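Protein chains in written order, with our numbering: chain A, 1 to 389; chain B, 390 to 779.
Some hints could be false.
Chain B side only, calculated, beta carbon under 7 Å to chain A, not exhaustive [unchecked claim]:
(1) Ile485
(2) Tyr488
(3) Leu524
(4) Gln528
(5) Leu529
(6) Arg534
(7) Ile536
(8) Asn591
(9) Thr639
Derived from the structure by calculation, the hints contain no laboratory data.
These figures come from a predicted structure and were not determined experimentally.
Every residue gets a Cβ at the ideal spot worked out from N, C-alpha and C, and that includes glycine.
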Amino acid sequence: MRRVYLDHNATTPVVPEVLEAMRPYFFEHFGNASSIHHHGQETRAAVERARESVAKLIGSRPAEVVFTSGGTEADNLAIFGLVRPSDHVITSPVEHHAVLNSCKHLEEQGSRVTYLPVDPAGRVNPDDLRGALRANTKLVSIMMANNETGVIQPVEEIGKICREADIYFHSDAVQAAAKVPIRVETIGCDLLSISGHKMNAPQGVGALYVRRGTTLEPMLFGGSHERSRRAGTENVPGIVGLGRAAELARRGFEQGEDHAVAALRDRLEKAILQQVEAVGVNGAGAPRVPNTTNIYFDYIEGEALVIALDLKGLAVSTGAACSSGAIEPSHVLTAMGLGQDRARASLRFSLGKHNTAADVDFAIELVPRLVEKLRELSPVYNKTSVVPS
Amino acid sequence: MDKFTDSSMSSFVDQDAVRGTRNSETIAVAMSGGVDSSTVAAMLRADGYEVIGLTMQLWNQRRLAGRPGMPEVVHGRCCSLDDVYDARAVAEAIGIPYYVVNHEARFERDVVRPFVEQYLSGRTPIPCSLCNNHLKFDQLLRVARQIGAARVATGHYAQVEFDRQRERWLLKRPRDRSKDQTYFLFGLTQEQLSRTLFPLGNMTKPEVRARAHGYGLALAEKPDSQEICFVPGGEYKNFLAAYLAEQGETFPDTRGELITTDGRVLGEHGGIHNFTVGQRKGLGVATGSPLYVVQIKGDTRQVVVGGQENLYSETLAVRQINLIAFEDLTDSLKVRVKIRHRHEPAPATITKIGADEILVRFAEPQRAVTPGQAAVFYQDDVVVGGGWIS
């Protein structure tokens, strides 16, 4: 069966260039980057080259990049590394669970957390941030781009407010990295998380940008790795992979890959909006990353549509998978004001740099057909159909 | 490798046994993670069908965990992560696509809520029938059709067949009478029956386990689940309290008088939800002869107690009727009627006495007729229909 993957916000394949860069660091150059001998020096050099590459991608100094096991650890380190129980934190209800559940835990520890409201596109209003600031506000954590809708937050305005108020600003840029250019100086953030496997590097590696002069309490205790900010022997192959992926991402921007992906995404979106009735784009009108579109198909169960599409070879997603693998209504779409039915009727299509026009055509051919079929069986849509009660 | 670890399951599954000739029909199997539904999936796969495994996520077992009277961790129960893990492992081992579908909201509305309310109004509910009617053979059937499977197979012990003479789909008791689940399936409509397969209907449980072994399924000896899936340990009173507390609702005062059949007040009771008809223990009164709950009056909150002889009824009324073997009940009909899961169907005559009401007259009085339970009518192996005891 032909299979087309349009779920790159979940994870991306490790591209051959990245795999090739990693390959020597499993066997040929296997040293512990902390060792003083030749083997250690070899891998140390590789880790530092990767650090430079990641720093270039986000416009930071290499020493400001801390490698982690992924985006979740980066978010946790940023939040728990800074916030104490007496502190106040400001975030938004559309954050990834790595941030939201960390904030929930902070609340259980006694911290106060303010969740800024979002507009129908899912964006926070910087004025609301101004109003939410308190004397003991320690940290503002607002994502750069949303994982479900791709909507980009006004991070530069947020960064400006945080600088004026002398408050730490963390941005989860896991879904922004390699999709839109990131300059930490322009954003004005103190902390910024990225994840390898969302940008064609392997799962299990990520990084946290930590502005020089920011004191973070470590979460892991052990050796003095990563300038004592993250103990544990470096995942050298993963880090090398992330470094190479960052290089490829920079080259991609130079070559206009982001525009090419946007063109494909727009074509998909336009075709679906034209061919299917009672649909719309969640987050429409707001700036979005180029690869993502989140579309609601009224009168259907997104869960059934995702399964039906998967059985026909198209991989997309809906909502958030809970521990059993069942789908829960998206907290992001709910926060944007969508009703339960529409939130459950929404699908995310997220493209990757290897998707082709033929992949998009495959989706355009399949989606309207299956939506129509599901609607025929929907008691809400087709009131004349006989459905046993 | 330890052969009892789940990760080794695929290496033990006899792939030849589960890969038969091709059959173009796609069938969805409702997989609970137990032996029965897992074996159904493997059997249909072996018969060459295109099989899709579906597990319904109905209740988050962790929701009430740790509340008073509720366990901290719930293992090996319906909708528990262990069961989903088992179902997924079976699907992976036999090579079928598998999905978990979330129907928690509907389950809470159509099964859990009524369960709580019935107890609080002095009735003794059976949530499994509600689940079959509203979830398994409604929601799941719809999802199945939406994803391209016209029929759903389950691991229920029952049989379904089309009767050409009557031109109706019939529900029949299974070959293994000790596992008969037709009592919980009386609410199935003709449309639902026409889209349902019960592949275990002519097998005994030992045969099913043997089949599971034959396919190399690691869970062939997994014990049967017995209790109501969302009520840990069968402690329904703790569940009621924990659920209402979670909902932020105050537990209603259901206390009232304990009275005799001739109206004499014996004392107070702690709440009608603590009682079920036929109950002998926990009445809180001491008398010379054994006393039983013979009636629970929801409106006055009185619990009526009496001797063994007061427990027997000759008639009962049934509402919310579903007839399977007939379109309608025009004349009185001689049938056998089952009034609780572990009741041997008793001879009776059923007569329609209202648009949606049937009177059951037993040949011999029956013990502990319990409102909230189902009365299911049988003629030999055929389920004529049934309804709820009012």
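Each hint tested on the structure:
{"no.": "1", "hint": "Ile485", "result": "violated (11 Å)"}
{"no.": "2", "hint": "Tyr488", "result": "holds (5 Å)"}
{"no.": "3", "hint": "Leu524", "result": "violated (13 Å)"}
{"no.": "4", "hint": "Gln528", "result": "violated (9 Å)"}
{"no.": "5", "hint": "Leu529", "result": "violated (11 Å)"}
{"no.": "6", "hint": "Arg534", "result": "holds (5 Å)"}
{"no.": "7", "hint": "Ile536", "result": "holds (4 Å)"}
{"no.": "8", "hint": "Asn591", "result": "violated (26 Å)"}
{"no.": "9", "hint": "Thr639", "result": "violated (26 Å)"}
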